[in-house]
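Chain by chain, the residues:
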Amino acid sequence: MGIETVAFILMGLLAVALAGTLATRRFPVSAAMLLITLMVLLAGMYGLLDAHFAAVAQIIVYAGAIMVVFVFVMMLLNLPPEETRFGTLTLGEGVLTLAGLGAAVVLGTKVGHGFLRSAFQPTNARAPFFPEPENLKNVAALMFTDYLWAFELISFLILAAIIGAVVISKKRKTHAEHA
Amino acid sequence: MEQLVQARLQEILPSAGFYLQASPILLLLVGALAALLLGVFRADPEKPNFTSLGVAVVSLVAAAAMPLVLRGAAPAAHLGSGFLADGLSRFSFVVIALGTLFTLFSAALTEKGRQLLRPELVCLLMFSSAGLMVMTSSGEFLTFFTGLEITSVSLYVLVGYQRQDVKALEAALKYFLLGATAAAIILMGMALVYLHVGSLRWSDMGTLRLSPDAPFALMGMFLVLCGLAFKLAIAPFHSWAPDVYQASHSTLTGYMATLVKFSVALVVLRILGASVAQASSNLVLLFWVLGALSIAIGSTFGLVHNSVKRMLAYSSVANAGYFCLAFAALAANPSSVSAREALTAYAAVYTVLNLGAFAVLAWLEDGNNEDLLKEELSGLGSKSPFAALALTVFLFGLAGIPPAAGFFGKFMLINAAVSEGLTGLAILMVLFSVVSLFYYLSLMVEMWLKPASRNSIAVTASSDSGLHRLLIGTAVVVSLVIGVVGPRWASMLDYTVATEAPSVAIGVRSLHPTTATASSDPVDAVKKKALDTAAKTPRP
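Sequence order for the protein chains is A and B.
Going by this note's numbering, the first sequence opens with residue 1, and the numbers climb by one from there.
Going by this note's numbering, the second sequence opens with residue 1001, and the numbers climb by one from there.
Accuracy of the hints is not assured; some may be wrong.
Said to hold, decoys possible - Stretch by stretch, here's where chain B covers chain A in the computed footprint (C-beta under 8 Å, at least three residues):
(1) 26-36
(2) 145-152
To be verified - Heads up, simulated EDC-like pairs for lysine to aspartate or glutamate below, C-alpha to C-alpha not over 16 Å straight-line:
(3) A:K137 - B:E1002
(4) A:K170 - B:D1044
(5) A:K137 - A:E4
(6) B:K1450 - B:E1370
Keep in mind the hints are simulated off the structure, nothing from the lab.
Note that the Cβ used here is the ideal one computed from N, Cα and C, for glycine as well.
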């Protein structure tokens, strides 16, 4: 077991532990700070998997841009600490939570067990343009050849999101003002 | 290596045929932008903008006409596998464009629906339809997902735009959060499938062996299909549907309950038919369970509800369960033509019937409650016989009773399922159809046999116009004609799926190792050839 595997497993365990902690925080800001740490850990895992582009994008986009917006919104809304709801867990909620947890465990162990047992060899139906370590070049080449249509359509997705944000947040005349 | 990318780009760059075949999508996108820009010249943005509506109508009519003009064209894939121009996509373009047109007209003719005609909302509705078209015409996961998200983002906003209404806000938030979760599940599934196959194209997935020995493929496909089941509101992923359908305006509910489900059903058809090259008992089991649950829950839960929209929401859950019969038949035999015919027939019939039913509801809600109760329909037969008659036709159709459409669709579904040995599911469907008939009939009893009471709704004169009768009358006539002559399009459609021409630039690793020669790597040979051709072809 090389140092990379050890680091990967450590980061993975830490990430799961952090995710569990952040879901139970009462103060939104501490949850946000934990989330940043989680993002950085994930970026580290991507880096260890040789997905350097995904690692850098993770830090710039998620840990950087998106988390800043999160924290800004929290400051603007001045959120009070959440009330803990553990006391009011109803029977139905409990059963559903257990069922969900059970499904997650089954999925996770099934995939993991299959992975360990079958010495999985991924097939590669489409050979990459550039040989192995070229990460960014492959992403760029695919984006502008095979996935050109999706890439162009993303601009409409973003436009729809922008229009949507304006529609939702625009101040509307109340009926009293109309009269 | 750079030449390789250049060569691939030469293959990818779309020909004139692409612009013709994709014109419905392009028309809708451009029309949406034009409709949005026209709003700039209006003083009061809150008022409906009929110029925008005109632009939208023109582009939708053109979008519905183009596929009919081009219907003889041979199946071809463009832009990699991103856009498949084949019979199935052309069929879906026509249905989606006409359905959107119907939604817009139905909104324009009702007082409350006219809020939907603000230019930005018309634009979002058209984006959403374009997203649906992108979905149904895509041949790989990434483009499909982009289309799905364009549709979903637009619909989240359209559901939530009535912000003064707490219920609508709650529905929008529920729809958004659960929809985002479903999208995440689909993405996770896509990633796992990619891990196994090394390609996002559905045509490359002949190697997908869905057995516990291939955990990534099995779980990936399972997650993708569960996410899609959420979008189809198949039980147990249905709980959002009644709330969202109840709180949004009926014209919009009609759109969400029909066109979105229609498109997602066609996507499932494409994935099951093209990718899973061999029969998979695991998938049959999945669809068996989903279908049985959905049919049972949809048929029985509708009985206890009093709100007409909630009843129709549960009816749509049951109908999504009926789709599962075709899905299961396809999973059992991916080349089954009868399952394809049944699905295209029933999805379109269901679209017509539910669009019509929700248009009638939108009409009745004008000047009344947003959310009609069953008792409020009492005496409608004497007050507005036309509305009552139209609703009766649509409900008979949904119940699957012959002169109205719906009977043939169900007949074909059962036929497809039984011929693949899914007799149990077919029996369940028939039994629960009888149960669901109870709530369809109870609505009719309210309308025709009960006298008007203090609670019953008033039919306002403003909305009871000739144009409105014409619109709903068209839907009634269409559903009756389909009911009499049968869904002819299903057997006329060419189900050949367009496939990408083999790429000289990148090549496809042989999916069948027996045919590959051990001495030379075929990919390298193809690549060398590609480099030669790339050097020969002059750069534009």
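Hints versus structure:
{"no.": "1", "hint": "26-36", "in the structure": "violated (count 0)"}
{"no.": "2", "hint": "145-152", "in the structure": "holds (count 6)"}
{"no.": "3", "hint": "A:K137 - B:E1002", "in the structure": "10 Å, holds"}
{"no.": "4", "hint": "A:K170 - B:D1044", "in the structure": "14 Å, holds"}
{"no.": "5", "hint": "A:K137 - A:E4", "in the structure": "24 Å, violated"}
{"no.": "6", "hint": "B:K1450 - B:E1370", "in the structure": "22 Å, violated"}
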